[in-house]
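Protein chains: 4
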Amino acid sequence: MNISLQQANQALQQAIDKAVEISVPVNIVIVDNTGYLKAFARMDDALLGSIDIALQKAKTSMLFRMDTEAVGDFLQPGAKAYGLELTNGGLLGFAGGKPITINGQVAGFIGISGGAITQDAQIAQAGSKL
Amino acid sequence: MNISLQQANQALQQAIDKAVEISVPVNIVIVDNTGYLKAFARMDDALLGSIDIALQKAKTSMLFRMDTEAVGDFLQPGAKAYGLELTNGGLLGFAGGKPITINGQVAGFIGISGGAITQDAQIAQAGSKL
Amino acid sequence: MNISLQQANQALQQAIDKAVEISVPVNIVIVDNTGYLKAFARMDDALLGSIDIALQKAKTSMLFRMDTEAVGDFLQPGAKAYGLELTNGGLLGFAGGKPITINGQVAGFIGISGGAITQDAQIAQAGSKL
Amino acid sequence: MNISLQQANQALQQAIDKAVEISVPVNIVIVDNTGYLKAFARMDDALLGSIDIALQKAKTSMLFRMDTEAVGDFLQPGAKAYGLELTNGGLLGFAGGKPITINGQVAGFIGISGGAITQDAQIAQAGSKL
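Line by line, the protein sequences give chains B, L, F and D.
In terms of the numbering used here, the first sequence has 14 at position 14, counting the first letter as 1, and numbering is strictly consecutive.
In terms of the numbering used here, the second sequence has 36 at position 36, counting the first letter as 1, and numbering is strictly consecutive.
In terms of the numbering used here, the third sequence has 31 at position 31, counting the first letter as 1, and numbering is strictly consecutive.
In terms of the numbering used here, the fourth sequence has 68 at position 68, counting the first letter as 1, and numbering is strictly consecutive.
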């Protein structure tokens, strides 16, 4: 199952609604099941440095098919897979990247950046279930 | 003047409407006045190879503040600026990238790829005036 | 439909059989439907410089879902899409990259490099139908 | 001594047999004595993010002619060679990369990724002796 543009736009809108609700402008990336960009929106006043962070979060979540913070457990200095963050052109292991499920099946991935990590996580959560 | 997300989404929708009308699935990139990604949509069945082409068209148009085909006049083998296409991480000089004007003022840039060049140009045109 | 490892290995073997028959050592790349490496073999004495060429051919074929020589028509100096070869991290527009069809459906892509272009094309052809 | 394609395929098959036995789909990379890709297989359902990790493990093992976990001792924060992991386009210092010996002589290198680190190590071990 691979996300359609209509579904991606719905996920994007759910994320924007949450971002507006908690008053933080973010970048929202939706990639498909194998990581190709499907939809994107940069809210007005979102940080320019967060565009690439949102892209990397969506990519990291796709590559390992899990939440970015779960990947992050392997990346910390002292963790057993230290160095992993240098593979695949760079991985990001903090919250804000998640699988998008449609009727319980993974169909794509969302990456959010622009707020505090807990805010990004909240917004990604809002866009992750259709 | 810099394009807002609402305006970018309007340009994006105008482009999609034209693409649907002429039956060709494309990638649509909107960048702001300084080239940062603002909005993106990949229509279902659009070629994966066209994502990067659409990005490069929007970037090329932004860098020189003109239509991509006007930049292209400088890039052909034999043209005086041959080699220019290797600058800025790669330039693309065929139609499908255009300034977006709002009330006659340039506010962002659109890049389209996925169809024949004349189709991409038509779709870019449709999304270039708000 | 996405190629399985067993199917990829069959395509790879068909290509090797043809390469042995016409006595030219090549690199054989099989990527899946969205371009991720699935199987690879470098025949003994195949040129080291051809590893990357085979990868780029498989990628180019995947990105536009056509034979690489069909993409090549757009890349020539003087062609309308001149500059296209600089997108997507580099494209290759000469023969040796092809879709792999299984019961008539595209399931992956093959890239061959190491021989003359006509030899690469012949070997790619041999591996392109299961 | 440099690994032949027939030998690389045998190492690859030994690794796959072990992976099937312990029920974990992995990516298997075989590089020759100087690090050029010789053979590759991605088992069905292996993580896409593990392709690059397997490549990096094989490369790291080749560059220092030792198991990746032995290289890892030098890479940890606090270790004397901290920063080493940024050389050579990125090094990986956890288990899953090993020299392949044929009759006791190093002839190539194997890199495995897709399972837990101990599983990857077990599978690399299985493919490391001909």
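Hints in this document: simulated from the structure, not taken from any laboratory.
A portion of the hints provided could be inaccurate.
Which copy is meant is left open, because identical chains are indistinguishable; a pair holds if it fits in one copy or across any two.
Calculated pairs, SDA-like style, for lysine to any residue (alpha carbon to alpha carbon, straight line, at most 20 angstroms) [said to hold, decoys possible]:
{"id": "1", "residue 1": "18", "residue 2": "121"}
{"id": "2", "residue 1": "129", "residue 2": "45"}
{"id": "3", "residue 1": "80", "residue 2": "24"}
{"id": "4", "residue 1": "80", "residue 2": "35"}
{"id": "5", "residue 1": "80", "residue 2": "90"}
{"id": "6", "residue 1": "18", "residue 2": "70"}
{"id": "7", "residue 1": "80", "residue 2": "69"}
{"id": "8", "residue 1": "129", "residue 2": "73"}
Source: prediction; values computed, not measured.
Evaluation of the provided hints:
no.: 1; hint: 18 - 121; result: within (11 angstroms within a copy, 36 angstroms between copies)
no.: 2; hint: 129 - 45; result: neither (26 angstroms within a copy, 23 angstroms between copies)
no.: 3; hint: 80 - 24; result: between (35 angstroms within a copy, 19 angstroms between copies)
no.: 4; hint: 80 - 35; result: neither (26 angstroms within a copy, 25 angstroms between copies)
no.: 5; hint: 80 - 90; result: both (17 angstroms within a copy, 17 angstroms between copies)
no.: 6; hint: 18 - 70; result: neither (23 angstroms within a copy, 27 angstroms between copies)
no.: 7; hint: 80 - 69; result: both (16 angstroms within a copy, 10 angstroms between copies)
no.: 8; hint: 129 - 73; result: neither (24 angstroms within a copy, 33 angstroms between copies)
Hints 2, 4, 6 and 8, counting from the list given before, are not met by this structure.
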